[in-house]
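Visitor: Listed below are the residues making up each chain.
Number of protein chains: 4
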Amino acid sequence: MTAPAPTNSPLNPRDTTNNTATLTISCADQPGIVAAVSQFLHNHGANIIHSDQHSTDPSGGTFFMRMEFYLEGLGVSRGTFERAFAQVVAEPFGMSWQLSYAARPKKMAILVSKYDHCLLDLLWRKRRGELNIEIPLILSNHETLRRDAEMFGIPFHAITVNKENKTEAEQIRLMHEAGADFAVLARYMQILSTDFLDQFGKPVINIHHSFLPAFVGANPHRAAFERGVKLIGATSHYVTAELDAGPIIAQDVISVTHRETPETLMRIGRDVERQVLARAVKAHAEDRVLVYGNKTVVF
Amino acid sequence: MTAPAPTNSPLNPRDTTNNTATLTISCADQPGIVAAVSQFLHNHGANIIHSDQHSTDPSGGTFFMRMEFYLEGLGVSRGTFERAFAQVVAEPFGMSWQLSYAARPKKMAILVSKYDHCLLDLLWRKRRGELNIEIPLILSNHETLRRDAEMFGIPFHAITVNKENKTEAEQIRLMHEAGADFAVLARYMQILSTDFLDQFGKPVINIHHSFLPAFVGANPHRAAFERGVKLIGATSHYVTAELDAGPIIAQDVISVTHRETPETLMRIGRDVERQVLARAVKAHAEDRVLVYGNKTVVF
Amino acid sequence: MTAPAPTNSPLNPRDTTNNTATLTISCADQPGIVAAVSQFLHNHGANIIHSDQHSTDPSGGTFFMRMEFYLEGLGVSRGTFERAFAQVVAEPFGMSWQLSYAARPKKMAILVSKYDHCLLDLLWRKRRGELNIEIPLILSNHETLRRDAEMFGIPFHAITVNKENKTEAEQIRLMHEAGADFAVLARYMQILSTDFLDQFGKPVINIHHSFLPAFVGANPHRAAFERGVKLIGATSHYVTAELDAGPIIAQDVISVTHRETPETLMRIGRDVERQVLARAVKAHAEDRVLVYGNKTVVF
Amino acid sequence: MTAPAPTNSPLNPRDTTNNTATLTISCADQPGIVAAVSQFLHNHGANIIHSDQHSTDPSGGTFFMRMEFYLEGLGVSRGTFERAFAQVVAEPFGMSWQLSYAARPKKMAILVSKYDHCLLDLLWRKRRGELNIEIPLILSNHETLRRDAEMFGIPFHAITVNKENKTEAEQIRLMHEAGADFAVLARYMQILSTDFLDQFGKPVINIHHSFLPAFVGANPHRAAFERGVKLIGATSHYVTAELDAGPIIAQDVISVTHRETPETLMRIGRDVERQVLARAVKAHAEDRVLVYGNKTVVF
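Just so you know, the sequences run in chain order A, B, C and D.
In case it helps, this note's numbering puts the first sequence at residues 228 to 526.
In case it helps, this note's numbering puts the second sequence at residues 228 to 526.
In case it helps, this note's numbering puts the third sequence at residues 228 to 526.
In case it helps, this note's numbering puts the fourth sequence at residues 228 to 526.
Next comes chain A alone, as it looks inside the complex (with noise of 0.2 Å):
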């Protein structure tokens, strides 16, 4: 109950500024890198926002940047621009890099079973304007949310899991399809085979409900409550072929007491999944997420 106030919350201007690009960089690190990615930007034109860097040793380390800059000042085109800073910047330092525009939202594909606590949480942000995304599919092997995706307007495909391998390819090529950049698991509860990740062959993303690495595998909420823990939590992370080992982006977890019952651990543990998997999917979008070995830098 509070005197009225501007209704259509304006949103984080780093998620809607269309007219932002965003710098990923990785390589050796090398004394001059800052100074020739800023000053090949202020060359062109690009005035940086936001800047963020890490080393993973000084010397002889692995160097990350992420910079966000404006596009107005461009002088030339964007492809002038990236053919330009890979000559000049990215191939005499050895860098790994890539370039993203707010304009272009990240497709996200997600895929889902029967619980609808993380799916509707992300259509929700989306629809708010929390995420700069588009969703162009979701991916199910039940019906059961089938409305629930439709409210939101978003195609919904039920792919009943008979024979694996036709599921998955029937499922890659409805996301390739759709051009998905990245695919989430919003409890999706089919493991993925390897060959799915190398036949998409972008980033998926999972919420895995506890805190890795205690409790992989199935029945983490059970696992939890054998063992008496006073903590439960969510991580969500990319997949890699091991289960529930991939590199990890979020984490975070909630206070249990002996009063709760596997059931009961199920219900709160709903509310840190769809918290921490919302985080992973925002970084990821927003293309704060670097991947090193089996680790993230989270700028």
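It is worth saying that the hints were derived from the structure and are not from the lab.
All clues given are correct.
Using 20 Å as the maximum straight-line C-alpha spacing, the simulated DMTMM-like pairs for lysine to aspartate or glutamate come out as follows:
#1 A:K429 to A:E404
#2 D:K393 to D:D422
#3 B:K429 to B:D408
#4 C:K522 to A:E453
#5 D:K509 to C:E487
#6 D:K522 to B:E487
#7 D:K429 to D:D514
#8 A:K522 to C:E487
#9 D:K522 to B:E490
#10 D:K522 to B:E453
#11 C:K522 to C:D284
#12 A:K522 to C:E453
#13 A:K522 to C:E490
#14 B:K522 to D:E453
#15 D:K522 to D:D479
#16 C:K393 to C:E404
Fit chains B, C and D to the given chain A structure using the hints.
Guide: Just chains B, C and D now, with coordinates in the frame of chain A:
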């Protein structure tokens, strides 16, 4: 990505066991209360599941108790049971008391304006079975959220505010008609009159988007931004005549940095608001909140 | 910078009221327990201050209760009171029970190696009156912390580990001599033998510098660093024969980022370790922890 | 209880690398700042380890930057380096800037009254190597904490407050004599005069035992108790002429329930106060805090 788990998650017994009753008591602290109440319940075959008590001061303070028990064993009718309790226990100890039955969930009216996050979170938790309540109607001063309300099959009444008294009269008529036991202001952007509170005569729960008593009134996120705080919060409280000054039920905060704007604080705050309001509504629905003076005991 | 406030801060009544007793009970859940116990206390003029109960399953589970009450009104001697309780209540219900008196604080032995943070935090909280315990001795396998121990006027025994059995035998002799009721491993870098636990025969509380069951054993900070987790934790548990697998009393975590090294994780972890250990020790000292199987009820 | 681990824990490189310098800058935001600064550092062989920047508004706002770099490569003397930077970079961009050297830790004076928790926490963290500072003196208006101060070998001056001006004059004389770079009020129960602040002329950091701006002034725990809040907090801020209204550096809160009294809130609050104050002191000592208007940027 986990092996399949039971998909219709059993709910918190506390929410759904339809065969339990909850007794809440407050009276002057004095010896023998617990003995008398537990003896009475035992004699009537009511097996205690949960029991909480608190005393503001064991010598001369106020005593509060909440007992949840099974009804199976009850040898007599509820009416007989209640009359007997009044006579044998409540009167001698000068108790004010209340008995509610899980099989008769409370009816909650929701008042909302244009923000969707608190409304949708409540509807969604209700649908999930997290809240043992009924939601007979949603009142708004705007049409904005009609479709969301109807998605969940809840009657939605938009009453545009012209002459306040008339609006409030109509709102109260509808709430009484629907048998509302309490009302929730899920980011409702009108200040309720004292008349409204008197005529409704039931508890009204509000969510305020700050850590009260800091930033009372309008635009707390702007005020938080101006003050440069490093945490923003949300407070759920019972509404009283004085703005944002009623008994606090639940509060929480989240860390923020110098990078935030009033707009991003608004976005970040949404997650805390919906969590805190849901916690308060759940506690109220389960008769866990006892008010004394301007404070609450939350069991 | 505030106006003066009372400088010898009154302490938590729970810690210091010397005229209270705490009764803890566990037995098979069955009707009438609360009634019988509270009736007994009332009949003997023992006025209940706090009461907590829990049942693992109201039908056929185990029932736990903790009741704190004043002794003033006690019409009889403690001995008579205890004998009467055993006969009238405990035996009929097949209870295991314990009665402790605030006026007889528990005696805590501390075992420590070279890290000072957990030791100093406990000594300091004891000095402040936060912990209603006595600390008759500190045992170490190093001389490092002698001065700190002596600053607080606590006998310090450094027993360098040569033939383990002899060391442990000496430690146990000293703890028994000092009448220790329980022992705390405040970052003690030796693994206790099963013999040690058997011969000491009292509870031993450990602090492990990870969120168990993640990162059992040595160097959890290194392991956490390798896995790239975004939270590090601490776990306080009762020591059992199996390493880091005993009943958990308290846990907490703190957020970390990609910027941390194993060394900075160690520094950050110290704050969580001392908080979690202090919470566990306080709960144990106040008879709030009841163990069943490999779990705890913490009232 | 864990296998042995290295006992003299290596410290946070940020605290102890004696071969680094930190440059902090603020100026009107304008294109080319990052390029100019990083180019300058690169040309002088100063290799950047950490870099953070913030702009209150990329178009027409204020720009803040903190860069930490190694000095090995420095081809010239510090004096030459600083003069060159002033001329080549700072003046053209109209920067206010500061350069500090890890090898010259800041000198911190502590003012304290009778509460020991904040004082001891700072002394211990200093001893542990968590804080790269020197503590040349402790000032108090009571004798109470002399022994604690002397335990850590720090000169302790108790100046009982009679004629305030004289006291403050004496305190300032001692702080100047000791070359204090800043002062910390570790629960100092006197309100400093504006004269004091003017004559000391250095930053003064205070810890207030509430979540400011809630509960300004004396007895915040009493006020929190009266209001029935469900969280209590602590706020560390720079002292200004207006009581408890200076720029906030760090804040945190902890949950409390209806069971607490003003006395137990005081006890619980101590843990938050010492954590928050330590965080603020560490940030200030590492030149991570930049003040603008009544706010801070904390890198």
